[in-house]
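K.L.:
Sequences and hints are given; from them, build the entire structure.
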Amino acid sequence: MRIRHLAYVSLMALALAGCNDALDTASIDLSKVKNKVEQPLPDRILADMTKKGMDRNSPIMMRIFKEEGTMEILKANQNNRFEVIASYNICAWSGRLGPKVKEGDRQAPEGFYNLTPANLNPNSKYYLAINTGFPNRYDAANGRSGANLMIHGACSSSGCYSMTDQQVLEIYAFARDAFKGGQKTIQLQAYPFRMTAENMVKHRLSSNIEFWKMLKVGYDNFEVTKRPPEVEVCEKKYVFNQQADGPFNAGGKCPVMTTPPALQTALATYDKQYQADYSASLKKFDGMAWYDPTEAERKAVVAKQRKGHDLAYAPTGTALAAGKMMKVADLESMMANQSGQQIARGATIANPTTASIRMATAAPLSAEQQPAQMGETMVAANIPTNVPVPMPNPMNPAVNALAYAPPPPVETAQSDAAKKPPFWKFWAKSE
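Position 419 of the sequence shown, counting from 1, maps to 471 under the numbering used here, and the rest follow consecutively.
Hints were generated in silico from the structure; no laboratory data involved. All of these numbers come straight from a predicted model, not from anything done at the bench. Where is the CB? At the ideal position from N, CA and C, for every residue including glycine. Some hints could be false.
Derived DEER-like restraints, expressed as beta-carbon distance ranges [unchecked claim]:
{"#": "1", "residue 1": "ASP362", "residue 2": "VAL308", "range": "52 to 58 Å"}
{"#": "2", "residue 1": "ALA364", "residue 2": "GLY298", "range": "48 to 54 Å"}
{"#": "3", "residue 1": "ASP362", "residue 2": "GLY298", "range": "31 to 37 Å"}
Quick list of in silico lysine to aspartate or glutamate cross-link-like pairs, EDC-like style, CA-CA up to 20 Å [to be verified]:
{"#": "4", "residue 1": "LYS359", "residue 2": "GLU347"}
{"#": "5", "residue 1": "LYS351", "residue 2": "GLU120"}
{"#": "6", "residue 1": "LYS278", "residue 2": "GLU124"}
P.N.:
Set out below in C-alpha coordinates:
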(Lines of atoms letter the chains of each structure in order from A; the text may use other names.)
(Lines give C-alpha, C1' and ligand atoms only; values in the text may rest on other atoms or scores of the structure.)
Protein backbone atom coordinates (compact mmCIF):
# COMPACT_ATOMS: atom_id res chain seq x y z
CA MET A 53 0.00 0.00 0.00
CA ARG A 54 2.86 2.31 0.92
CA ILE A 55 4.59 1.60 -2.41
CA ARG A 56 1.39 2.41 -4.27
CA HIS A 57 1.07 5.63 -2.29
CA LEU A 58 4.65 6.66 -3.08
CA ALA A 59 4.10 5.93 -6.76
CA TYR A 60 0.99 8.10 -6.71
CA VAL A 61 2.90 10.95 -5.01
CA SER A 62 5.67 10.67 -7.61
CA LEU A 63 3.19 10.86 -10.46
CA MET A 64 1.55 13.90 -8.89
CA ALA A 65 4.96 15.57 -8.51
CA LEU A 66 5.71 14.99 -12.19
CA ALA A 67 2.33 16.39 -13.15
CA LEU A 68 2.85 19.46 -11.00
CA ALA A 69 6.33 19.95 -12.46
CA GLY A 70 4.78 19.97 -15.92
CA CYS A 71 2.22 22.52 -14.76
CA ASN A 72 4.94 24.71 -13.28
CA ASP A 73 6.79 24.68 -16.58
CA ALA A 74 3.69 26.13 -18.22
CA LEU A 75 2.79 28.70 -15.54
CA ASP A 76 4.40 31.58 -17.38
CA THR A 77 2.83 30.73 -20.73
CA ALA A 78 -0.05 32.95 -21.77
CA SER A 79 -3.29 31.00 -22.07
CA ILE A 80 -4.88 33.23 -24.68
CA ASP A 81 -6.57 31.51 -27.62
CA LEU A 82 -4.65 32.81 -30.64
CA SER A 83 -7.54 31.98 -32.97
CA LYS A 84 -9.53 34.74 -31.24
CA VAL A 85 -6.84 37.41 -31.63
CA LYS A 86 -8.10 39.82 -34.28
CA ASN A 87 -5.10 42.17 -34.36
CA LYS A 88 -1.92 40.68 -32.89
CA VAL A 89 -0.02 43.96 -33.19
CA GLU A 90 -2.55 45.81 -31.00
CA GLN A 91 -3.59 42.90 -28.76
CA PRO A 92 -3.83 44.33 -25.21
CA LEU A 93 -1.99 42.79 -22.30
CA PRO A 94 -4.10 40.32 -20.28
CA ASP A 95 -6.18 41.66 -17.40
CA ARG A 96 -4.11 39.65 -14.89
CA ILE A 97 -0.95 41.55 -15.89
CA LEU A 98 -2.68 44.93 -15.89
CA ALA A 99 -4.03 44.19 -12.41
CA ASP A 100 -0.54 43.29 -11.23
CA MET A 101 0.79 46.57 -12.64
CA THR A 102 -1.77 48.49 -10.61
CA LYS A 103 -0.84 46.55 -7.49
CA LYS A 104 2.85 47.37 -8.02
CA GLY A 105 2.30 51.06 -8.77
CA MET A 106 3.15 50.83 -12.47
CA ASP A 107 1.58 52.77 -15.28
CA ARG A 108 0.61 50.76 -18.36
CA ASN A 109 2.88 52.90 -20.55
CA SER A 110 5.83 53.34 -18.18
CA PRO A 111 9.33 52.26 -19.35
CA ILE A 112 10.43 48.63 -19.43
CA MET A 113 13.66 46.68 -19.78
CA MET A 114 14.29 43.03 -20.60
CA ARG A 115 16.66 40.48 -19.11
CA ILE A 116 17.58 37.07 -20.53
CA PHE A 117 19.28 34.29 -18.57
CA LYS A 118 20.34 31.54 -20.95
CA GLU A 119 21.24 28.83 -18.47
CA GLU A 120 17.89 28.75 -16.74
CA GLY A 121 16.08 29.60 -19.98
CA THR A 122 14.28 32.65 -18.64
CA MET A 123 13.24 36.00 -20.08
CA GLU A 124 12.10 38.73 -17.68
CA ILE A 125 10.17 41.90 -18.40
CA LEU A 126 10.92 44.57 -15.81
CA LYS A 127 8.87 47.74 -15.55
CA ALA A 128 9.34 51.10 -13.83
CA ASN A 129 7.10 51.81 -10.86
CA GLN A 130 6.23 55.25 -9.51
CA ASN A 131 9.52 55.37 -7.60
CA ASN A 132 11.35 54.76 -10.89
CA ARG A 133 12.65 51.40 -9.73
CA PHE A 134 12.41 48.58 -12.25
CA GLU A 135 10.98 45.31 -11.00
CA VAL A 136 9.84 42.10 -12.66
CA ILE A 137 6.30 42.22 -14.00
CA ALA A 138 6.45 39.07 -16.14
CA SER A 139 8.77 36.08 -16.53
CA TYR A 140 8.76 33.56 -19.39
CA ASN A 141 10.42 30.23 -20.02
CA ILE A 142 12.39 30.58 -23.26
CA CYS A 143 11.13 27.85 -25.56
CA ALA A 144 14.30 27.53 -27.65
CA TRP A 145 17.78 29.04 -27.84
CA SER A 146 20.59 27.50 -29.84
CA GLY A 147 24.26 26.87 -29.17
CA ARG A 148 25.77 26.92 -25.69
CA LEU A 149 26.59 29.52 -23.07
CA GLY A 150 28.81 32.26 -24.45
CA PRO A 151 28.51 35.21 -26.85
CA LYS A 152 27.78 35.13 -30.54
CA VAL A 153 31.05 35.53 -32.44
CA LYS A 154 30.34 35.00 -36.12
CA GLU A 155 27.60 34.33 -38.63
CA GLY A 156 26.62 30.66 -38.63
CA ASP A 157 27.92 29.72 -35.17
CA ARG A 158 24.34 29.21 -33.93
CA GLN A 159 25.12 31.21 -30.80
CA ALA A 160 22.46 33.48 -29.27
CA PRO A 161 23.82 36.95 -28.35
CA GLU A 162 24.99 37.98 -24.90
CA GLY A 163 25.47 41.62 -23.98
CA PHE A 164 23.61 44.94 -23.77
CA TYR A 165 21.34 45.95 -26.65
CA ASN A 166 19.11 48.96 -27.35
CA LEU A 167 15.71 48.26 -28.87
CA THR A 168 13.77 50.99 -30.68
CA PRO A 169 10.35 50.91 -32.37
CA ALA A 170 12.22 50.04 -35.59
CA ASN A 171 13.28 46.75 -33.97
CA LEU A 172 9.66 45.56 -33.80
CA ASN A 173 8.57 43.34 -36.68
CA PRO A 174 4.78 42.93 -36.85
CA ASN A 175 5.03 40.90 -40.08
CA SER A 176 7.43 38.21 -38.94
CA LYS A 177 6.96 34.70 -40.32
CA TYR A 178 7.54 33.62 -36.71
CA TYR A 179 4.27 35.28 -35.60
CA LEU A 180 5.84 38.43 -34.09
CA ALA A 181 9.49 39.39 -33.67
CA ILE A 182 11.78 41.91 -31.99
CA ASN A 183 15.27 42.31 -33.43
CA THR A 184 17.89 42.18 -30.66
CA GLY A 185 20.05 44.75 -32.41
CA PHE A 186 23.04 42.42 -32.79
CA PRO A 187 25.72 43.42 -33.62
CA ASN A 188 25.89 46.42 -31.29
CA ARG A 189 28.86 48.79 -30.93
CA TYR A 190 30.76 46.32 -28.75
CA ASP A 191 30.18 43.44 -31.15
CA ALA A 192 31.20 45.52 -34.17
CA ALA A 193 34.36 46.79 -32.46
CA ASN A 194 35.35 43.19 -31.73
CA GLY A 195 34.70 41.98 -35.28
CA ARG A 196 31.66 39.88 -34.42
CA SER A 197 29.22 39.18 -37.23
CA GLY A 198 25.66 38.03 -37.68
CA ALA A 199 22.27 39.45 -38.57
CA ASN A 200 18.54 39.07 -37.95
CA LEU A 201 18.94 37.68 -34.44
CA MET A 202 15.50 37.96 -32.96
CA ILE A 203 13.19 37.37 -30.07
CA HIS A 204 10.32 35.70 -31.89
CA GLY A 205 7.60 33.06 -31.73
CA ALA A 206 7.34 29.57 -33.26
CA CYS A 207 9.72 27.89 -30.77
CA SER A 208 12.54 27.32 -33.27
CA SER A 209 15.98 28.90 -33.06
CA SER A 210 19.21 29.24 -35.02
CA GLY A 211 20.85 31.95 -32.95
CA CYS A 212 17.63 33.59 -31.78
CA TYR A 213 15.65 33.55 -28.55
CA SER A 214 12.47 31.81 -29.56
CA MET A 215 9.29 31.89 -27.50
CA THR A 216 5.86 30.40 -28.00
CA ASP A 217 3.45 32.52 -30.06
CA GLN A 218 1.41 33.25 -26.93
CA GLN A 219 4.48 34.46 -25.07
CA VAL A 220 5.79 36.70 -27.84
CA LEU A 221 2.32 38.23 -28.17
CA GLU A 222 2.66 39.52 -24.59
CA ILE A 223 6.33 40.51 -24.91
CA TYR A 224 5.54 42.50 -28.05
CA ALA A 225 2.66 44.23 -26.23
CA PHE A 226 4.92 45.26 -23.35
CA ALA A 227 7.35 46.89 -25.79
CA ARG A 228 4.59 48.50 -27.86
CA ASP A 229 2.95 50.08 -24.80
CA ALA A 230 6.27 51.40 -23.46
CA PHE A 231 7.08 53.04 -26.80
CA LYS A 232 3.60 54.56 -26.86
CA GLY A 233 4.37 56.04 -23.44
CA GLY A 234 7.39 57.87 -24.85
CA GLN A 235 10.25 55.50 -24.12
CA LYS A 236 12.88 55.94 -26.84
CA THR A 237 14.97 52.81 -26.29
CA ILE A 238 14.38 49.62 -24.33
CA GLN A 239 17.47 48.02 -22.87
CA LEU A 240 17.87 44.28 -23.46
CA GLN A 241 20.38 42.61 -21.15
CA ALA A 242 21.32 39.08 -22.24
CA TYR A 243 23.34 37.06 -19.73
CA PRO A 244 24.64 33.49 -19.66
CA PHE A 245 23.19 33.04 -16.15
CA ARG A 246 22.28 35.03 -13.05
CA MET A 247 25.61 36.50 -12.11
CA THR A 248 25.74 35.48 -8.47
CA ALA A 249 28.96 34.56 -6.69
CA GLU A 250 27.97 30.90 -6.75
CA ASN A 251 27.35 30.90 -10.49
CA MET A 252 30.59 32.74 -11.19
CA VAL A 253 32.48 30.08 -9.23
CA LYS A 254 30.67 27.24 -11.01
CA HIS A 255 31.65 28.69 -14.40
CA ARG A 256 35.17 29.87 -13.48
CA LEU A 257 36.75 27.36 -15.91
CA SER A 258 34.99 28.69 -19.00
CA SER A 259 37.02 30.41 -21.69
CA ASN A 260 34.29 33.08 -21.62
CA ILE A 261 34.87 34.02 -17.98
CA GLU A 262 36.61 37.35 -18.68
CA PHE A 263 33.78 38.41 -21.00
CA TRP A 264 31.25 37.43 -18.34
CA LYS A 265 33.10 39.38 -15.64
CA MET A 266 32.70 42.45 -17.86
CA LEU A 267 28.96 41.83 -18.27
CA LYS A 268 28.68 41.33 -14.54
CA VAL A 269 29.66 44.94 -13.88
CA GLY A 270 26.53 46.04 -15.76
CA TYR A 271 24.49 43.38 -13.97
CA ASP A 272 25.69 44.65 -10.60
CA ASN A 273 25.00 48.28 -11.48
CA PHE A 274 21.39 47.34 -12.11
CA GLU A 275 21.12 45.27 -8.93
CA VAL A 276 22.29 48.27 -6.91
CA THR A 277 20.26 51.01 -8.61
CA LYS A 278 17.31 49.04 -10.02
CA ARG A 279 17.69 51.15 -13.15
CA PRO A 280 19.09 50.15 -16.56
CA PRO A 281 22.72 51.29 -16.56
CA GLU A 282 24.06 53.83 -19.03
CA VAL A 283 26.13 51.69 -21.42
CA GLU A 284 29.10 52.91 -23.44
CA VAL A 285 31.90 51.15 -25.33
CA CYS A 286 35.57 52.12 -25.54
CA GLU A 287 38.78 50.15 -26.01
CA LYS A 288 36.48 47.38 -27.29
CA LYS A 289 34.99 46.98 -23.81
CA TYR A 290 31.68 47.79 -22.15
CA VAL A 291 31.70 50.53 -19.51
CA PHE A 292 28.75 51.42 -17.30
CA ASN A 293 27.44 54.57 -15.62
CA GLN A 294 30.61 56.58 -16.19
CA GLN A 295 31.19 60.31 -16.12
CA ALA A 296 33.67 61.14 -18.89
CA ASP A 297 35.71 64.14 -19.98
CA GLY A 298 35.18 63.37 -23.66
CA PRO A 299 33.33 61.22 -26.18
CA PHE A 300 33.36 57.43 -26.23
CA ASN A 301 34.86 55.65 -29.22
CA ALA A 302 34.12 51.92 -29.34
CA GLY A 303 37.51 50.98 -30.76
CA GLY A 304 39.52 53.91 -29.42
CA LYS A 305 41.06 54.85 -26.12
CA CYS A 306 38.63 55.47 -23.27
CA PRO A 307 38.28 59.05 -22.06
CA VAL A 308 39.10 59.81 -18.44
CA MET A 309 36.22 58.27 -16.50
CA THR A 310 34.90 58.42 -12.94
CA THR A 311 32.03 56.69 -11.17
CA PRO A 312 29.50 59.02 -9.49
CA PRO A 313 30.42 59.11 -5.76
CA ALA A 314 27.04 57.94 -4.46
CA LEU A 315 27.05 55.01 -6.88
CA GLN A 316 30.66 54.17 -6.05
CA THR A 317 29.79 53.96 -2.35
CA ALA A 318 26.79 51.73 -3.01
CA LEU A 319 28.81 49.43 -5.26
CA ALA A 320 31.57 49.11 -2.67
CA THR A 321 29.04 48.02 -0.04
CA TYR A 322 27.59 45.52 -2.45
CA ASP A 323 31.04 44.23 -3.39
CA LYS A 324 31.92 43.46 0.22
CA GLN A 325 29.12 40.92 0.39
CA TYR A 326 30.05 39.48 -3.00
CA GLN A 327 33.63 38.84 -1.89
CA ALA A 328 32.39 36.88 1.12
CA ASP A 329 29.93 34.90 -1.00
CA TYR A 330 32.59 34.12 -3.61
CA SER A 331 35.01 32.79 -1.01
CA ALA A 332 32.29 30.62 0.51
CA SER A 333 31.37 29.27 -2.93
CA LEU A 334 34.99 28.39 -3.71
CA LYS A 335 35.07 26.23 -0.59
CA LYS A 336 31.69 24.70 -1.41
CA PHE A 337 32.73 23.71 -4.94
CA ASP A 338 36.40 22.94 -4.27
CA GLY A 339 37.75 20.81 -7.12
CA MET A 340 34.39 20.92 -8.93
CA ALA A 341 33.05 22.94 -11.86
CA TRP A 342 29.95 23.09 -14.03
CA TYR A 343 29.60 21.15 -17.26
CA ASP A 344 27.73 23.27 -19.80
CA PRO A 345 25.59 20.87 -21.85
CA THR A 346 25.41 20.84 -25.63
CA GLU A 347 22.27 21.93 -27.45
CA ALA A 348 21.57 18.27 -28.29
CA GLU A 349 21.78 17.35 -24.61
CA ARG A 350 19.35 20.12 -23.73
CA LYS A 351 16.94 19.00 -26.44
CA ALA A 352 17.03 15.42 -25.15
CA VAL A 353 15.72 16.56 -21.76
CA VAL A 354 12.55 17.98 -23.34
CA ALA A 355 12.16 15.59 -26.29
CA LYS A 356 8.67 14.54 -25.20
CA GLN A 357 7.43 18.13 -25.55
CA ARG A 358 7.75 17.87 -29.34
CA LYS A 359 4.96 15.30 -29.60
CA GLY A 360 1.86 16.70 -31.26
CA HIS A 361 3.73 19.62 -32.85
CA ASP A 362 5.08 20.13 -36.35
CA LEU A 363 8.72 19.37 -37.14
CA ALA A 364 9.81 23.00 -36.84
CA TYR A 365 8.78 23.12 -33.19
CA ALA A 366 12.08 22.50 -31.36
CA PRO A 367 12.18 23.29 -27.62
CA THR A 368 15.70 23.14 -26.23
CA GLY A 369 15.21 22.83 -22.50
CA THR A 370 17.36 24.49 -19.85
CA ALA A 371 21.07 24.06 -19.29
CA LEU A 372 20.30 23.66 -15.60
CA ALA A 373 18.33 20.50 -16.33
CA ALA A 374 20.91 19.01 -18.71
CA GLY A 375 24.18 20.20 -17.13
CA LYS A 376 25.92 19.01 -13.97
CA MET A 377 28.75 19.64 -11.54
CA MET A 378 31.84 17.53 -12.24
CA LYS A 379 35.34 16.99 -10.95
CA VAL A 380 37.72 19.32 -12.76
CA ALA A 381 39.85 16.49 -14.16
CA ASP A 382 36.77 14.70 -15.52
CA LEU A 383 35.47 17.92 -17.05
CA GLU A 384 38.76 18.63 -18.81
CA SER A 385 38.81 15.09 -20.21
CA MET A 386 35.20 15.33 -21.43
CA MET A 387 35.77 18.71 -23.09
CA ALA A 388 38.92 17.46 -24.80
CA ASN A 389 37.01 14.50 -26.23
CA GLN A 390 34.14 16.70 -27.43
CA SER A 391 36.54 19.14 -29.05
CA GLY A 392 38.35 16.32 -30.84
CA GLN A 393 35.08 14.96 -32.17
CA GLN A 394 34.03 18.42 -33.40
CA ILE A 395 37.35 18.97 -35.13
CA ALA A 396 37.06 15.56 -36.81
CA ARG A 397 33.66 16.59 -38.17
CA GLY A 398 34.91 20.03 -39.20
CA ALA A 399 32.48 21.69 -36.82
CA THR A 400 32.86 25.02 -35.07
CA ILE A 401 33.95 24.66 -31.45
CA ALA A 402 31.64 26.74 -29.27
CA ASN A 403 33.03 25.58 -25.91
CA PRO A 404 36.55 25.63 -24.50
CA THR A 405 39.11 22.89 -25.12
CA THR A 406 41.35 21.48 -22.43
CA ALA A 407 44.02 23.98 -23.41
CA SER A 408 41.67 26.90 -22.80
CA ILE A 409 40.24 25.69 -19.49
CA ARG A 410 41.69 27.52 -16.53
CA MET A 411 41.25 26.75 -12.86
CA ALA A 412 40.64 29.78 -10.67
CA THR A 413 41.43 28.73 -7.12
CA ALA A 414 41.82 32.08 -5.46
CA ALA A 415 39.14 34.53 -4.45
CA PRO A 416 38.54 37.46 -6.84
CA LEU A 417 40.47 40.68 -6.42
CA SER A 418 39.28 43.14 -3.83
CA ALA A 419 37.50 46.32 -4.87
CA GLU A 420 40.73 48.28 -4.36
CA GLN A 421 42.67 45.92 -6.66
CA GLN A 422 40.16 45.90 -9.49
CA PRO A 423 39.74 48.36 -12.37
CA ALA A 424 36.70 50.54 -11.78
CA GLN A 425 34.70 48.90 -14.56
CA MET A 426 36.31 45.57 -15.42
CA GLY A 427 36.46 43.59 -12.16
CA GLU A 428 33.91 41.33 -10.53
CA THR A 429 31.77 43.27 -8.11
CA MET A 430 28.58 42.33 -6.34
CA VAL A 431 25.94 39.64 -5.96
CA ALA A 432 22.26 40.30 -5.27
CA ALA A 433 22.37 40.01 -1.50
CA ASN A 434 22.15 42.43 1.42
CA ILE A 435 21.41 45.44 -0.77
CA PRO A 436 21.66 48.57 1.35
CA THR A 437 18.23 50.07 1.98
CA ASN A 438 19.55 53.58 1.43
CA VAL A 439 21.11 53.02 -2.00
CA PRO A 440 20.74 56.26 -3.98
CA VAL A 441 18.79 56.02 -7.21
CA PRO A 442 18.03 58.49 -10.02
CA MET A 443 14.84 60.37 -9.25
CA PRO A 444 12.94 61.34 -12.44
CA ASN A 445 9.36 60.13 -12.43
CA PRO A 446 8.82 57.79 -15.41
CA MET A 447 5.17 58.89 -15.57
CA ASN A 448 6.25 62.47 -16.40
CA PRO A 449 6.50 62.72 -20.22
CA ALA A 450 8.96 65.62 -20.11
CA VAL A 451 11.34 63.85 -17.75
CA ASN A 452 10.81 60.51 -19.44
CA ALA A 453 11.83 61.90 -22.82
CA LEU A 454 15.04 63.22 -21.28
CA ALA A 455 15.91 60.19 -19.16
CA TYR A 456 15.29 57.62 -21.86
CA ALA A 457 16.54 59.40 -24.96
CA PRO A 458 19.07 57.32 -26.93
CA PRO A 459 22.74 58.30 -26.50
CA PRO A 460 24.06 60.73 -29.13
CA PRO A 461 26.45 59.51 -31.85
CA VAL A 462 30.12 59.69 -30.93
CA GLU A 463 30.84 62.55 -33.27
CA THR A 464 28.23 64.80 -31.59
CA ALA A 465 28.62 63.66 -28.00
CA GLN A 466 30.57 66.72 -26.89
CA SER A 467 28.27 69.27 -28.49
CA ASP A 468 25.15 67.47 -27.30
CA ALA A 469 26.47 67.30 -23.74
CA ALA A 470 25.64 70.97 -23.32
CA LYS A 471 22.03 70.33 -24.37
CA LYS A 472 21.35 67.10 -22.47
CA PRO A 473 22.29 66.86 -18.78
CA PRO A 474 24.36 63.71 -18.17
CA PHE A 475 22.63 60.89 -16.32
CA TRP A 476 24.40 61.49 -13.02
CA LYS A 477 22.59 64.83 -12.67
CA PHE A 478 19.57 62.73 -11.78
CA TRP A 479 21.24 61.26 -8.70
CA ALA A 480 19.77 62.65 -5.53
CA LYS A 481 20.19 62.14 -1.82
CA SER A 482 19.72 58.65 -0.45
CA GLU A 483 16.12 57.60 -0.06
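K.L.:
Hints numbered earlier in the text: which of these fail when held up against the supplied structure?
P.N.:
Of the numbered hints given earlier, the structure breaks just one, which is hint 3.
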